[in-house]
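Undergrad: Residue-level listing of the chains:
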Amino acid sequence: MHEVRMPRLTHDMQLGILVDWMVKEGKFVRRGAHLFEVETDKATVGVEAEADGVLAGICVVPGNEVPVGAMMAYLLAPGEELPAAAAQSAAAQLSAQTTPPSPSLLPRSPTVTILDPRAGGRTIASPIAKRLAAKHSVDLSALRGSGPRGRILERDVLAAVAAASAQPEAEIGIAGVGVEYDIVPLSAIRRRTGERLTASWAVTPQFVLEASVDMTEAMRWREWADGKPSITALLVRVVAAALRAHPEINVTFVDGELRRYRRVNVGVAVATPVGLMVPVVHDADLLSLQAIAVRLEAIQAAAAEGRFAPADLSGGTLTISNLGPLGIDAFTAVVNPPQAAILAVGQIISTPVGRNGTIELRPMMCLRLSADHRALDGALAAPFLSDFRAMLENLWRLL
Amino acid sequence: MPELTYLQAINQALREEMERDKTVFLLGEDIGKHGGAFGVTRGLFDLFGPERVRDTPISENTIVGTALGAAVAGMRPVVEIMFADFSALAFDQIANETAKLRYMFGGQCCAPLVVRMPQGGLSWKSSAAHHSQSVEGWYVQIPGLKVVLPSTPADAKGLLKAAIRDDNPVIYLEHKGLYGEKGEVPDGDYVIPLGHGEVKRPGTHCTVIAVGKMVQSALTAAETLAAEGIEIEIVDPRTLLPLDEEMMFVSVRKTHRAVVVSEAPRTGSVSADWGMRIYSECFDWLDAPVGWVAALDVPVPYSNRLEAEIWPTPEKIAAAVREACYA
Amino acid sequence: MTIQYDPDLLHRMYRTMNLIRRFEEAAGGLYRQGALKGGIHASSGQEAVAVGVCFALRSDDWITSTHRGHGHHIAKGADVKRLMAEICGKDSGYCRGRGGSMHVAAFDVGSLGAYPIVASGAPVGVGAALAARMSGQPRVVAVFFGEGALGQGTLYEALNLAQVWKLPVLFVCENNHYAVSTPVERSIAVSDMAALASAYGMPGAMLDGQDVLAVYDWASSSIARARKGGGPSFLGADTYRFEGHYFGELQVYRSEQEVKEARRTRDPIARLGARMLEIGVATQADLEAMVGAAAIEVQAALEFTAASPEPDPATVTEYIYA
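Protein chains in written order, with the numbering used here: chain H, 368 to 766; chain Z, 709 to 1035; chain F, 51 to 372.
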């Protein structure tokens, strides 16, 4: 009589799941024949019979986990009988085990052999499950499928996604699944922007400072100045002055190195047909407002076609992104690597504010400075932003 | 909206088309004074007379061939073959002549005839092997034909009118088990274009594709499944050739699961064709293999006990849906 | 009995029979060159039946034909250029290359098509006659078939229906004695076609199919009767095919001697020619000129066909549905 126990198939194996018996109870097997299949954490493996004998006293139901070394069945020599105790304990164990629910199958021809598609370490998943997993970066091999023969199903992937984002499963609907879509090709610019900003987001500890600017002075000044310069031109001129006054902001952080620049080159984020680009106004602190306005006009013209010379796009030390013209009240921008800070500007809104003990309507504009904490901290960024605001609110002093 | 039986809807369509177009006339066995073996043509002989409602001898092949000749010569005949099973006798004229004439003759003619035939199992009558078959599979394999199988009285009326007006030969299959089914039928000139299916029941968890009486079976299964929280979407192609496959694809891409149903024997049935199309076009959307519920590959037996074994039932459909949904 | 024939009619008959003969010879030539694919079933030797019947029809009457239908079509007035192009599978053929010899049709001259499934043209012809009658058109339909069709049930169904509904049909049975390789004596119990017709309640006759005028006479009176509403008739024509069942067949079922003898003694063209000379409506020179003219017309058809393009593969699915 030979005891059939769960073998240790891999170095770390503690448990194996019995996939199925390859031989019916009561049948004779030869040593070396395929006796049963076990699913480990790595693969599904066939186990051979270690002796000749008649398979008897099975005490493990397929689908159940068995510790390494645990009893599973006996191989009886001709004439041998199961010891009564063994038979009883087998029966007891069997009834104690819950058979995992098997799907109700339509009547199948008895000659069909059901092979285990997971043999050889294949991960079996339905086509939609594979697609969802790829879309949500779910590792299929880490999932346990709830379908027949361990098939990973749509619901298994959805559950994994839900678990990952810690939302109630019932609420998860994967947007767009099952909905018709067209593939829109990414422009090189957009792809590159995505890559760069993803990298920035991933490694840059970004913090945000917010300040509301009273633009009364600035707007009055705009009306008065030649050619009515744009808000953006004004911002470029003033931020250049602010950077001159706070050189510790005019830095980039590259390969662990903090570089402080001697020139002030302000980048202006512009939308183009092929994506977001940041052309630079070089030496913005040395240019008159007029000159800056002219430069910005040239930039807008080039932006319409998405064409800039490489020189136009390099050397920026801080970026301004103004979504005010698009009606945005406030937003937080992602630091444009390797720059240390980016200034996000919202639209001017007539807002009730407390002034001189009463409430007045003032044209307020929201500024948010996102900064890289490796290069800057609040102690550096706050005075910069504060001064910037003061300059904007007292433009006549600057210009 | 008036309620008519499936049979009444067909009768109405025939009458309206014969009134509308003098070239429409009927041929068939016992369709005149007798009104047809099932009573589909009742009253038409009295309205239109023996010239336009013609009783024929028992000559299926020649009845169809004669209709073909008349169609080629400018008429619009509607042939009644008493049982779809008997159309086998007319198979030469349907398959070799009617379907192919226009193509073989390079477009010199067209063959605007309709061949109506009642098909399908009528279990309570124990009709057995020669009076119970579903024959759509025989005919979809013949390029040049159109094949239609309505599942409701409204569909029966709209599709028959379209079939009669179509300049191509149409095999118009009627399910004899549906003749007594009542349904709302739009009054007046209600025409459903051939080649357009209909979603008979919207759902989210699984698409079930069925025609004819199987649509009813699927609807019954839908009730059972709804109580279990499974909402199936029932898609009825209505026209088997040319097939509205796009409708199936839209549905399966939404539900991610499909079950195809056929009252005809499984092997080579139209349901196999639907399954193949789904695998070709919707593979990436599938969460489960396409379920397949079809009649057994057995001639229809006489004994009730045996007959009950062979047909798809609402229970079998529900089981296939549960399997596809891993429920 | 001397019947006065319009000389012009006889000339046209002679020309047309020669046109058929030259056409079949040209088709045979193309086959031997390898330029023709498919089964070509020549009607050489059976010209008198085709011409006799079709010349008795009016141009707006209809016929249904068989796999051995080139003669029927030419006799009915089909353009030999388009016919030749069709049997060579060209786009300029009657059926745009889609039918070939066995499924040729020429609706513009009243041929509702060749129906190669034996006897399958009979119901179609009956149906066309029904349509004509129902539409009030005084057309007659001639349905051609070989004696092999007497083995096919649908033929008898068609005779039955045509008689029950009294339709204007002329059933024409071309008994050339061989259905492929099977001699008629071994397969068809009907020995007396007139009796067969009579059993179905219609007039019938078994004629010498090589005598174009005999065929023409009997056909003419049957057609007139049908046109007046007298119902169908059955013309049995005893004839002979000089070629094999199809070009390229090894004719092991009949002796070369038999065929030679038939060509010598039962050539319908020679018969008509002799008759025309005899009654003085033509000279030998006239006859030869007509033979020559036919050859020229067939030659033009060959050239037309050679110059015609094949159908465009991109159009393969055209004409499935109307």
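One should not assume that every hint holds.
[Unchecked claim] Here are a few chain Z residues that face chain H, going by a calculated C-beta distance under 10 Å:
hint, residue
1, Arg728
2, Glu953
3, Trp993
4, Asp995
5, Tyr1034
[As the list claims (entries may be wrong)] In silico PhoX-like links for lysine-lysine, alpha-carbon gap of 20 Å or less:
hint, chain 1, residue 1, chain 2, residue 2
6, Z, Lys908, Z, Lys890
7, F, Lys278, Z, Lys808
8, F, Lys216, F, Lys278
9, F, Lys216, F, Lys131
10, Z, Lys962, Z, Lys908
11, Z, Lys869, Z, Lys890
12, Z, Lys962, H, Lys502
13, H, Lys497, Z, Lys808
14, F, Lys310, F, Lys278
Honestly, the hints are just simulated from the structure, not real lab data.
Quick caveat, the model's predicted, so the values are computed rather than measured.
Glycine included, every Cβ here is placed at the ideal spot set by N, Cα and C.
Undergrad: Hint by hint, where does the structure go against what was stated? Just the numbers, ascending.
TA: Numbers 1, 2, 7, 9, 13 and 14 - these are the hints that the structure violates, sorted from lowest upward.
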